[in-house]
Amino acid sequence: MHYARPLAQLVSELERLPGVGPKSAQRMAFHLLRQPQEDARRLAEAIMSVKESIRLCAECSNFTDQELCEVCRDTRRDRALLCVVAETRDLIAMEKTGEYKGMYHVLQGLLSPMENITPDLLKIRELFPRVAGGVQEVILALNPTAEGQTTALYLASRLKPLGIRVTQIAHGLPAGGDMEYADQATLISALQWRREV
Amino acid sequence: MRLTRLQLSNFRCYGSLDIQPSARLNVLYGENAQGKTSVLEAIRLLATTRSLRAGREAEMIRQNEEMAHVQAELYRDCAGEADLMITVLPSDRKNVRINGTKRPRVLDLLGQLNVVFFGSPDLDIVAGEPADRRHFLNVEISQVSPRYVGAFAQYKKVLEQRNRLLRDLRERPRNPVEAGLNEWTEQLAEYGAQIFEKRQFYISMLAPLAEEAHRALTAGREGLEIRYLPGISLPGQVRESSPAPWPARINGPAYDPPECMESPLSATESIAEAFRRQLAAAMQEELRRGGTVLGPQRDDAAFLVNGRDARIYASQGQQRTVALALKLAEYRLLEKMVQEPPVLLLDDVMSDLDDARRSCLLQWVEECGQTFITGTSLRAFPPAMLAEGALFLADKGMLQRTN
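In the order they appear, the protein sequences are chains A and Y.
The first sequence begins at 1 in the working numbering and counts up by one.
The second sequence begins at 1001 in the working numbering and counts up by one.
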């Protein structure tokens, strides 16, 4: 017994989404089947509208539905500070802190030969004209993974000769965390990144 | 340290098992394939988070069951009681609980329980391939250095990425610098140096203890030298010239650190510098071959008995003696580093040893803390051992205390 063809097609499309296995895909497909027509249409339209209207910000490569993203349009922000992140979701995480008032640059990924992500596929070339336009400090806010660190080194070795201050966010204990429960790699990192008080 | 209780659930042939081992000697006997080694494997899993045998970790789950649990109550002289639990899932993933709290990383379990395992596969450390010796070093150093585990995982990742990039550069030649080769090289040097440094240090600590044990095993007739053969040339005498490790500096001069695997960062830095230089010199060859040609993935160690390589020139009996000496040394070293005796796991070793080595082994067990030893029949064990120990009969996935 197989699914009717359109149903099978929906299940297999859903299965291709990240984090969705065969069982979840089935559950979602049957859920959608039971939903009223307009709910399903709203979802379909949302998907299509994202594909049609979302593009990369001409300045920072953040996702936006306009020429410039919300951050780049905001004239009150500090244009001497530039924070480099891998993905838009990292930018959102930084923005949620409400503490950072500078600009961003979204690389749209990290260097990874295994996934065929070479420097020319990232938004690295776009970084240099921005830096030349009055940026005083570049903050590298990339994950402390092999790929994140390699990308940070790659950028630092190309930015520093331009005479710009290049910094990297600290890796260590989470705020409000308990030292006793921190894993040892995190503690070691916190020790290495310690500073004068 | 010792296990005061061990519970298995759906682990290998055991549906459920709950035993309270003796604080000293535990003898597990029974026919082959009745689950004696599985008990040792479960204990080792708690100590190292790794399966004893090759193959998928999920093979530890009992047939037709969802997941396997191993749980132990542990008493440590220096840290008191702890409750450890590891769950093996069908995806080969594992979960870890310490004192009932789920920990985010499986590796958090390392260092809680320390064991020394000795069984027939250990002959491969002496007689096998370089990969067997690297595996030995990895397992042993992991037990005493969490930083090694982290560095090793990162190194493997970086090596894989860098190899892929080099292969790519051979297939589609372009500017390696623009492609980011320097940065992958830098990461390789940084993590690789930590591995070199720890292996060098571990062998330098292990060698004199192994020499001593080997002398005792051969009635003083045969010397044993262990030589680290690193995959690059390391700067000489790094340790002697380096300053005190950083914990000493942070806590002031009064602090006297115990034998400790964590080393001064400066020693690692000078190895990284040497690794960097040798990688730079090898770059053309690496581009031509399309892969990394230098590094700890090429490490080996040599065991010299009276100056001759035991892998080639020693008899099987001599190789066994070297393996036993190594395990004795490992035990002593671990005891020194964690400042209490580890748990000793001996898997079917009695039958393979001649009388002289067997009596030496028994003397060792005599001096040890908690020991688990397996054998097919009680006849293989000396009466003194049977009188003192807790005896467990393994039969069709059950383990019964018989005395």
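Keep in mind the hints are simulated off the structure, nothing from the lab.
Note that the Cβ used here is the ideal one computed from N, Cα and C, for glycine as well.
A couple of the hints might just be wrong.
Subject to a maximum C-alpha distance of 25 angstroms in a straight line, what follows is the list of computed PhoX-like cross-link-like pairs (lysine-lysine) [as the list claims (entries may be wrong)]:
1) Y:Lys-1336 - Y:Lys-1396
2) Y:Lys-1094 - Y:Lys-1156
3) Y:Lys-1094 - A:Lys-123
4) A:Lys-123 - A:Lys-160
5) A:Lys-51 - A:Lys-160
6) Y:Lys-1157 - A:Lys-23
Derived CB-CB ranges, DEER-like [said to hold, decoys possible]:
7) Y:Asp-1083 - A:Arg-89: 51 to 61 angstroms
8) Y:Gly-1055 - A:Ala-93: 36 to 46 angstroms
9) A:Arg-73 - Y:Pro-1090: 47 to 57 angstroms
10) Y:Ala-1282 - A:Arg-73: 47 to 57 angstroms
11) A:Gly-109 - Y:Gln-1020: 33 to 43 angstroms
12) Y:Ala-1280 - A:Val-50: 28 to 38 angstroms
13) Y:Arg-1174 - A:Lys-160: 15 to 25 angstroms
14) Y:Arg-1298 - A:Leu-191: 39 to 49 angstroms
15) Y:Glu-1066 - A:Gly-109: 50 to 60 angstroms
16) Y:Ser-1351 - A:Trp-193: 33 to 43 angstroms
Hint check:
A threshold of 25 angstroms between alpha carbons decides the hint, and for Lys-1336 of chain Y with Lys-1396 of chain Y the separation of about 39 angstroms lies outside it, so the pair is violated. Our distance criterion of 25 angstroms between C-alpha atoms is met by Lys-1094 of chain Y and Lys-1156 of chain Y, whose separation comes to about 20 angstroms. Distance restraint check for Lys-1094 of chain Y and Lys-123 of chain A: the Cα-Cα separation of roughly 37 angstroms exceeds the 25 angstroms cut-off, and the hinted pair is therefore not satisfied. Simply put, Lys-123 of chain A and Lys-160 of chain A have alpha-carbon atoms about 18 angstroms apart, close enough for the 25 angstroms limit, and the pair holds.
Pair hint Lys-51 of chain A plus Lys-160 of chain A does not hold up; C-alpha atoms about 37 angstroms apart against a cutoff of 25 angstroms. Taking the CA atoms of Lys-1157 of chain Y and Lys-23 of chain A, the gap is about 31 angstroms. The hint is violated against a cut of 25 angstroms. Between Asp-1083 of chain Y and Arg-89 of chain A the Cβ separation comes to about 38 angstroms, which falls outside the hinted range of 51 to 61 angstroms. Our hint of 36 to 46 angstroms for Gly-1055 of chain Y and Ala-93 of chain A holds, since their Cβ atoms are close to 40 angstroms apart.
Look at Arg-73 of chain A against Pro-1090 of chain Y: about 50 angstroms separates their beta carbons, and that is inside 47 to 57 angstroms. Evaluation of the 47 to 57 angstroms hint for Ala-1282 of chain Y and Arg-73 of chain A yields a pass: the beta carbon distance comes to about 50 angstroms. Between Gly-109 of chain A and Gln-1020 of chain Y, the C-beta spacing of about 54 angstroms breaks the proposed range 33 to 43 angstroms. In this structure, Ala-1280 of chain Y and Val-50 of chain A break the distance hint of 28 to 38 angstroms, their C-beta atoms being roughly 47 angstroms apart.
Between Arg-1174 of chain Y and Lys-160 of chain A the beta carbon distance is about 24 angstroms. The supplied range of 15 to 25 angstroms therefore holds. Taken as a hint, the range 39 to 49 angstroms is violated for the pair Arg-1298 of chain Y and Leu-191 of chain A, whose Cβ atoms sit roughly 31 angstroms apart. Checked against the hint of 50 to 60 angstroms, the pair Glu-1066 of chain Y and Gly-109 of chain A fails, with Cβ atoms roughly 37 angstroms apart. A hinted range of 33 to 43 angstroms is violated for the C-beta pair Ser-1351 of chain Y and Trp-193 of chain A, which are about 54 angstroms apart.
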